[in-house]
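Asker: Starting from the known structure of chain A, fit chain B onto it as the hints suggest.
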Amino acid sequence: MSLLSSARLLRYGSSVCRECRLTLLRSSSTSSRYTPPVKITTDEELDKIFSEPTWTVQSLLSQSNPEELHSDINPSSLRQLLRRSGLQFPKDEQEERKLLFDLQRQLVFVDHVQDIDTSGIEPLNRIGEDGEKLQWEDLQTEDNESEILSVKHFSEKLDRGYYVVRDNSGIRE
Amino acid sequence: MTLRMARKWPINSCSLRVTWEFKRLASTKADVKYPGLKCGLEIHLQLKTSKKLFSASQTSFQDTPNSNVSLYDVALPGTQPQLNHHAVLLALKAAIAMNCKIQNRSSFDRKHYFYADQPAGYQITQFYNPIAKDGYLRLLPRDRRIGDKPLDVGLVQIQLEQDTGKSTYAVDSDAAYIDFNRTNHPLIEIVTAPDLYYPEDAGAFVHKLQLLVKQIGVSSAQFQAGEMRVDVNVSVNGGQRCEIKNLASVHDVVHAIKSEYKRQLAEEKKGTPVTSHTLGWDGKQILIQRPKEQTSEYRYIPDPELPPLLLSPDAVEKVKQSMPKLPDVLLDELSSSPHSLRMVDAQTLLKWGLVEYYFEVVEKLQDSGLAPKLAANWIVHHILGLLGPNEEEILSVAVTPQRLADMIKYERDARLSKMNAMNIVQYLLHTPDDSRTVDELMEAFDLKNSTDQSELVGICENVLKEHEDAAEKYAAGKKGFFNFLVGMVMKQAAGKCSVKEVRKVLDELLEQRYDVK
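Residue numbers (full-length UniProt numbering), protein chains in the order written: chain A, 1 to 173; chain B, 1 to 517.
I should point out that these hints are in silico values taken from the structure, not numbers from a laboratory. From the three backbone atoms N, C-alpha and C, an ideal C-beta is built for every residue, glycine too. Take the hints with a grain of salt, since some may be wrong.
Unchecked claim - Covered stretches of chain B (in silico footprint by chain A; criterion: 3 or more residues with CB under 8 Å from a CB of chain A, positions within the stretch not fixed):
| id | segment |
| --- | --- |
| 1 | 63–73 |
| 2 | 172–180 |
| 3 | 184–198 |
| 4 | 310–317 |
Stated by the list, open to error - Stretches of chain B that chain A covers, calculated by requiring three or more beta carbons in the stretch to come under 8 Å of a beta carbon on chain A:
| id | segment |
| --- | --- |
| 5 | 46–57 |
| 6 | 212–226 |
Chain A extracted, bound-state conformation (with noise of 0.2 Å):
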């Protein structure tokens, strides 16, 4: 079973339809060791498969040395990732290295995952089902049925009509 295939199932479940979990299944990964496929004819056997884990996040961990792996995770592109995430940085050097620690082995896992095979596979960029097309008579109007609503009622924070921002250090596009 795929790691990518697996992550999905973990996460949808039995809320996967049958075609769709074969499909995941029948899906070719990198795997720690070789299982001849099985042939499956019943929601019973998938049961059976999904309520027996096969491998966990730690025993990909364990195989590898993250701090050589990923030595472009150091202090100053920690605090730059932090910065553009807008979170605090860390309160001292302790809190710092086990920040840059977890970043390195959770990259060794994202490393797992980016090496299933996905070409030819169609990214799933969206969940749910596409809308209708858009027709001419659709594009003459510019009716939308979201409310307007004023925010007139924070006028009292406004300084002659404007918000005020002080130490505005964000970073500008």
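Answerer: Positioned in the frame of chain A, the structure of chain B alone reads:
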């Protein structure tokens, strides 16, 4: 009520402004080259919609701050985007006009960065699957590009996206004042290929794009209103490219590129490698702002709240069929028979959105036998100079095509002087509700040319007496003083005579007195 005498014609008439702008663009001779220079443009254009891209609040310019803001615009939790389909129509028109391939399936993505005027922490754009790709905009020699051959500037993509709010910074503190009226205003971003090798060509591209989107009704593209913002990517000799952001005029585009070219060449000569930076332009020099962000730093992800934008092929076909004539087609039509306008006059009509008005005036003049060119001369060289800001939009209502055609005919028949015709135009621009015909206005304000020849002779003699020195200077060979004398006669006659007749009478009198021709 009487009309005031017409003021002097403004020196900076609109046609002169257009000519001057073109000359500035082409001020560098064609043989001045920029070896190794490569430019590409990213242009942000506000779409002419009345509502915002993903909410129902109104779009606006210079309204009271924070008066057109909905809860979605300030990203309050629980609010969700709803696409304005009219913005999609305008984006399609722009893409079709620039020969792009329309993607019947496109999608929206989030571009993450933190700034006070971006309340959601991300901008919704179309990074992975834009609405249009692989187009081009053709620059012709008449667009004042360098060289005498057309240049097809490739367009990589056109994408729909949101505008941000506006930040104003205090000079004496760290405060930023935020106005969210502009937040979520629909934009298209037009990304060109690096096909530009002269700064002047980049300027010509921007200018042509302005004309194009204005003509097809997609955007007013006015720099001063923030409706168009240009970023330029510049590299020299295959080195790293630097991005100059937020250029706000064609002039700035050209001169910023020239400055950046010199800067990168100087760095190269010093042996310092050029590193990829985001730059600014203060009107005189390049300012290094920060290292350029890499794409991955924006952490693009598909927006989970918006379905893909799906277009029916039939809808796209109908948009193509509904397109108005494009500027190049109109310019070809105006510069050939039966119009035969000078290219600069045709371009002026196009720039001011007056081509349709001109066609309507020509239609009214059809039976008169007068050349269509006459209508263009009146509009470009006399009326445009009288217009205040945005008055070109009311011109066709105040000075209707029929009224203008009547004034042109009466001037040719020597029934109305051009001076008084312009007085009527000015009056109508200030009182557009007055529905009287030109005949009725001429009657009401006593503007008809006098037919009494002796009266005209008397006025001319009077002027020659009052301005004897000017007459003597003319007699001595300073020919410019003749027009001064003509002007004085027109003034004394309150414009109620034909210039042709005045010149004839003055000629005769001067010949008699000073024996000059």
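Asker: I'd like to know which numbered hints this structure contradicts. Please list them from smallest to largest.
Answerer: As far as the earlier hints go, 3, 6 are violated by this structure, in ascending order.
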